[in-house]
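Q: Here's the letter readout for the chains.
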Amino acid sequence: DAGITQSPRHKVTETGTPVTLRCHQTENHRYMYWYRQDPGHGLRLIHYSYGVKDTDKGEVSDGYSVSRSKTEDFLLTLESATSSQTSVYFCAISDLGTNGYTFGSGTRLTVV
Amino acid sequence: QQPVQSPQAVILREGEDAVINCSSSKALYSVHWYRQKHGEAPVFLMILLKGGEQKGHEKISASFNEKKQQSSLYLTASQLSYSGTYFCGTVPNNAGNMLTFGGGTRLMVKP
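Which chain is which? The protein sequence lines are A and B, in order. Numbering follows the working numbering, in which position 70 of the first sequence is assigned residue number 72; successive positions increment by one, without gaps. Numbering follows the working numbering, in which position 70 of the second sequence is assigned residue number 1064; successive positions increment by one, without gaps.
Calculated directly from the structure, the hints in this document are not laboratory data. Check the hints yourself; a few may be wrong.
[Claimed, not checked] Listed next, the in silico SDA-like pairs over lysine to any residue satisfying Cα-Cα at most 20 Å (straight line):
#, chain 1, residue 1, chain 2, residue 2
1, B, K1031, A, Q39
2, A, K59, B, N1088
3, A, K59, A, R70
4, B, K1031, A, V90
5, A, K59, B, P1086
6, A, K13, B, E1034
7, B, K1061, B, A1021
8, B, K1031, A, G42
9, B, K1104, B, I1005
10, A, K59, B, Q996
11, B, K1104, B, V1013
12, B, K1053, A, N101
13, B, K1031, B, S1075
14, A, K59, B, N1091
15, B, K1031, B, T1070
16, A, K59, B, M1092
All of these numbers come straight from a predicted model, not from anything done at the bench.
Whenever a hint applies, use it, and build me the whole structure from the sequences.
A: So, in structure tokens, the structure goes:
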């Protein structure tokens, strides 16, 4: 019954290769977000979207791009993966109400 | 700029109380609180909007002092299930819906 799913759950990739992570929601929420989580840094915002084709940068956007062609899907692309992008990536959705953010289960990405 | 949480870690015995603080350098519109268990996604606990309200969620409650740009999370009569890492997230005034998270407070409740 999860309203938000992320794929893949785990991925190992080589330095220099492009990688795309997918976030899919069934809640019809307008806002979608990509965060990365690293030890000692908490959750840091990479990019977010406030509607189809409407996206903006977060605090750690360098090396990442996003696309949202449909309400339900928000894609995060690492254009040329580096070891510093090894992290756990979380997608989140929000309807700007009082229910906060709902997070996906996360994608553990390892860049070797 | 990231809000500052304190303490960074706390160990409790079952039944004891704890307070986790969250402080921002910016004027805030709202504060969120989340709990994350190891290997899982963060889970929303509550949101506090400017106006200084206090909210409750079972034995977990929170306050928001808009003037001081601070929020506190209160855990009373802690249970083993309260263990995890607690994050505050802040939305500054005029920042839309962009949440900036603190570094987290690791809470361990022991029998």
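Q: Next, verify each hint and record whether it holds.
A: Against the structure, the hints:
no., hint, in the structure
1, B:K1031 / A:Q39, "holds (13 Å)"
2, A:K59 / B:N1088, "holds (16 Å)"
3, A:K59 / A:R70, "holds (13 Å)"
4, B:K1031 / A:V90, "holds (14 Å)"
5, A:K59 / B:P1086, "holds (16 Å)"
6, A:K13 / B:E1034, "holds (17 Å)"
7, B:K1061 / B:A1021, "holds (8 Å)"
8, B:K1031 / A:G42, "holds (16 Å)"
9, B:K1104 / B:I1005, "holds (7 Å)"
10, A:K59 / B:Q996, "holds (16 Å)"
11, B:K1104 / B:V1013, "holds (17 Å)"
12, B:K1053 / A:N101, "holds (19 Å)"
13, B:K1031 / B:S1075, "holds (9 Å)"
14, A:K59 / B:N1091, "holds (13 Å)"
15, B:K1031 / B:T1070, "holds (19 Å)"
16, A:K59 / B:M1092, "holds (10 Å)"
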